[in-house]
Structure formats: C-alpha cells, structure tokens
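Q: The residues making up each chain are set out below.
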Amino acid sequence: MKFSRGRNFLFRIPEGKEFLSAVNEFAKKHNVLIGTISAIGTLKNPKIGYFEEEKGQYKVIELEGTYELVSALGNISIKDDEPFAHIHVSLGDKEGKLFGGHLIEGEVFVAEVYIQELLGEPLIRKPRENGLALWDAEEE
Amino acid sequence: MKFSRGRNFLFRIPEGKEFLSAVNEFAKKHNVLIGTISAIGTLKNPKIGYFEEEKGQYKVIELEGTYELVSALGNISIKDDEPFAHIHVSLGDKEGKLFGGHLIEGEVFVAEVYIQELLGEPLIRKPRENGLALWDAEEE
Amino acid sequence: MKFSRGRNFLFRIPEGKEFLSAVNEFAKKHNVLIGTISAIGTLKNPKIGYFEEEKGQYKVIELEGTYELVSALGNISIKDDEPFAHIHVSLGDKEGKLFGGHLIEGEVFVAEVYIQELLGEPLIRKPRENGLALWDAEEE
Numbered sequence: 001m002k003f004s005r006g007r008n009f010l011f012r013i014p015e016g017k018e019f020l021s022a023v024n025e026f027a028k029k030h031n032v033l034i035g036t037i038s039a040i041g042t043l044k045n046p047k048i049g050y051f052e053e054e055k056g057q058y059k060v061i062e063l064e065g066t067y068e069l070v071s072a073l074g075n076i077s078i079k080d081d082e083p084f085a086h087i088h089v090s091l092g093d094k095e096g097k098l099f100g101g102h103l104i105e106g107e108v109f110v111a112e113v114y115i116q117e118l119l120g121e122p123l124i125r126k127p128r129e130n131g132l133a134l135w136d137a138e139e140e
Numbered sequence: 001m002k003f004s005r006g007r008n009f010l011f012r013i014p015e016g017k018e019f020l021s022a023v024n025e026f027a028k029k030h031n032v033l034i035g036t037i038s039a040i041g042t043l044k045n046p047k048i049g050y051f052e053e054e055k056g057q058y059k060v061i062e063l064e065g066t067y068e069l070v071s072a073l074g075n076i077s078i079k080d081d082e083p084f085a086h087i088h089v090s091l092g093d094k095e096g097k098l099f100g101g102h103l104i105e106g107e108v109f110v111a112e113v114y115i116q117e118l119l120g121e122p123l124i125r126k127p128r129e130n131g132l133a134l135w136d137a138e139e140e
Numbered sequence: 001m002k003f004s005r006g007r008n009f010l011f012r013i014p015e016g017k018e019f020l021s022a023v024n025e026f027a028k029k030h031n032v033l034i035g036t037i038s039a040i041g042t043l044k045n046p047k048i049g050y051f052e053e054e055k056g057q058y059k060v061i062e063l064e065g066t067y068e069l070v071s072a073l074g075n076i077s078i079k080d081d082e083p084f085a086h087i088h089v090s091l092g093d094k095e096g097k098l099f100g101g102h103l104i105e106g107e108v109f110v111a112e113v114y115i116q117e118l119l120g121e122p123l124i125r126k127p128r129e130n131g132l133a134l135w136d137a138e139e140e
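Residue numbers (full-length UniProt numbering), protein chains in the order written: chain A, 1 to 140; chain B, 1 to 140; chain C, 1 to 140.
Treat the hints loosely; a few may be bogus.
Copies of one chain are not kept apart here, so a pair can be met inside one copy or by any two copies together.
Said to hold, decoys possible - When the alpha-carbon atoms are kept at most 30 Å apart in a straight line, the in silico DSS-like pairs for lysine-lysine are as follows:
| hint | residue 1 | residue 2 |
| --- | --- | --- |
| 1 | K59 | K2 |
| 2 | K94 | K2 |
| 3 | K97 | K29 |
| 4 | K17 | K2 |
| 5 | K59 | K44 |
| 6 | K79 | K59 |
| 7 | K2 | K55 |
| 8 | K97 | K28 |
| 9 | K29 | K47 |
| 10 | K94 | K79 |
Just so you know, the hints here were simulated from the structure itself, not pulled from any lab data.
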C-alpha cells in the first residue's frame, strides 16, 4: 500500500524503561498510526520470540545480561484499535556473538529510536488461522 | 549522490512467494528505479551468499527450515536496464542464533516490507573486475 | 524530538576507505548535522565494541578477515561541536555466522550507504557519568 510521509521523530528512551512498551506509548501519545521504526542501543535481559508454525505461537528465548542492540527494525500499524509496534531485534553479547528474533521485551540501558510516520488508509492487523495477526497481503 | 523523495510503500508479501523476486517484481510493476528497502518477517529455507574476493563470486550458504527474518536491509538501483534489489539479511533460528549475508533467495512465510522511492539521476550498477556490479563510488 | 526532512544521500564509499571516518567526513562535508544512516556491503578487519557498564568503556572485539556487512544502522548528531555518526553493525563470516556490536572501525571493500538528513533543533551528545555521550532523554 502507498502512503505519504508524516512526522519524523528521533529520540532517546530513558534508561530503565521497557523498550517495546515505551515505543507503543510513544506512538499512542503522538498518535502515530502507521510508520516505520529503527533503533540502536543497549538492552538488558531481553526476551525474544521464534514463531513455531506447528504450535501457532512464539517460543520465548530469555537472554540474561546486557546486550548491544545491534538493530531494531519494524513498523507501526493498528492492532485491536491501537497503534502497535512489530519489532525484530539483533543483540550482541560480550564476545560479539549475535542473537535475535521477534522482540517481546527488553529493559533499556540506551535506546536511540527513529520513527517515521506514514499517512494514508488505515493499516490493520487481523488475526489469522496460523496464530499471527497480519495485514492483508498486497494484491498482485 | 543526492536524491529527492518519491513514494512510500509499506506492504506484506503473500505467503509462499520467493522474497527477493517478489521485491524485484514490485519495483518493476511500480516503476521504482531508485530506493531503499527494509523488512522483517519469517523466511523458509533461505540461501545467503558470502562474497569470496579471491574467486570473484559468492559462496552459497543454504539454511534449512524456518528463520525469523530479523533484518532485511538494502537498496534498489538499475542493473541490466531493470530495477534491481540488493539486500542483506539477518536470520534467527529456534535458539535465537543469527546467520546472515547477501540474500540469494528465501520463501516467504511472513514479510513486512518498507520501500522508499528516491528520485534523481539514474543510479546504475556496472560490472567490475572483481566480479561485483557496483555504482560509481562517490567522488571525494 | 520532532524533525523535518532534509536531503537524501545514497552512495558508495570507495574501496579501501575506513567506513566510520568516511561517514563522518561525508556528514561534515555536506553539513549533515542530524540524520539517520543505514548501509550494507563488505568490511575487512572490523573492530566492534561492547559497552561494559561497570568499567564505563567499550571492550574492543577485533575481527580478522572479510565480513559481509549485513546491517549498519545508526544516526548522526552533534558531539564536540561536530557531526558524529553512531553506528551499530552486524557482520557475517564465511559460514554465515553473525557477529556485531558498536562499530569502532572497518575497512571498506564495498559500502552502499543511505543517509537521510533531518532538520530541526540541534541534537547534541553530552558526556554522562556512565561513560557514554547521550542526548537528553525524551520527556514523558
């Protein structure tokens, strides 16, 4: 779907906040209904998910300690009538080894976030039979 | 090179499609000649490449099974007179371990893609002696 | 903080340059004071950092050889009165295994870089007690 451009936000989430809920609160407060997100920083005790198709749910992977947030990439759209951020993250440990998946939660040590608002027709996540909430796929 | 901004597309590629060719078809259909791409989702049986300079070609790494598409990052420019997407990906397995490189192919389970069109002078990939097709480098 | 959009640059850094200083020089030359960065390519002998909170400094991880630059993600703001790029990278080895963290340096084999300028009030990094130079956090 095609969108026009809205506002651009570049900001730091305060230390101690939970990253994903802070992004969702930011979107709600500023009324960002559609958008893209990218971020870097450092997260503590992040939990990530791997979607198990056969079970129709995420397997939760709990990482202990402090990780470089090497990349957070995702988007904002509407789910259950509210702005909802879907974010995947890549996380680096002390040896530089990377772990990652679907972000479930993570405590912010540092988070530098870019949100780019998009404007247009509502982009809505709808529950699917496979357990995921997805936009309609782009028609051919 | 400096570009002005064109259209913004945020969309989901249908399940079952091959990711890279779907992006290339989208660019062709919508006449996106220059742009940037980012995406997250889930891919099946992705193939990634590692460029071996001494051989002047990519070593192909075939990953089996389903992987979280933790990041897809890249750009669109012209190669052989057509829009061409160059994309690198980071992929997470069931344990949260990450693999990645130059995307060769991957079957879409979920793919949420953002394409930002850029407008300006043609940006063209030209074959190089080292085996790669590259833009002219930015002058000092 | 909210910003308006400035210029858009998509370009290739010449082979042999050091990636991070090339980005900083580009920002300085073109007077990009605020912005976002993303890039893909291939880097040689990259050095990455993992921030050790208890020591208030980065542990340096030196990677030898050639790595796919799977993702470079970051931003530009002002530090010590000059444009300063803060970039995190994900790097893939010959087997597709990923390493990453805070980019310290890396020699460019290929680097395709997108810089999006933002315009607005100065965004400034200030030294913190924890050893990092950070923007003021977004107010609630």
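Q: Hint by hint, note whether the structure agrees.
A: Structure-based check of each hint:
no. : hint        : verdict
1   : K59 <-> K2  : neither (33 Å within a copy, 36 Å between copies)
2   : K94 <-> K2  : neither (41 Å within a copy, 34 Å between copies)
3   : K97 <-> K29 : neither (36 Å within a copy, 35 Å between copies)
4   : K17 <-> K2  : between (33 Å within a copy, 20 Å between copies)
5   : K59 <-> K44 : both (19 Å within a copy, 17 Å between copies)
6   : K79 <-> K59 : within (21 Å within a copy, 41 Å between copies)
7   : K2 <-> K55  : neither (34 Å within a copy, 42 Å between copies)
8   : K97 <-> K28 : neither (34 Å within a copy, 32 Å between copies)
9   : K29 <-> K47 : within (25 Å within a copy, 39 Å between copies)
10  : K94 <-> K79 : between (36 Å within a copy, 26 Å between copies)
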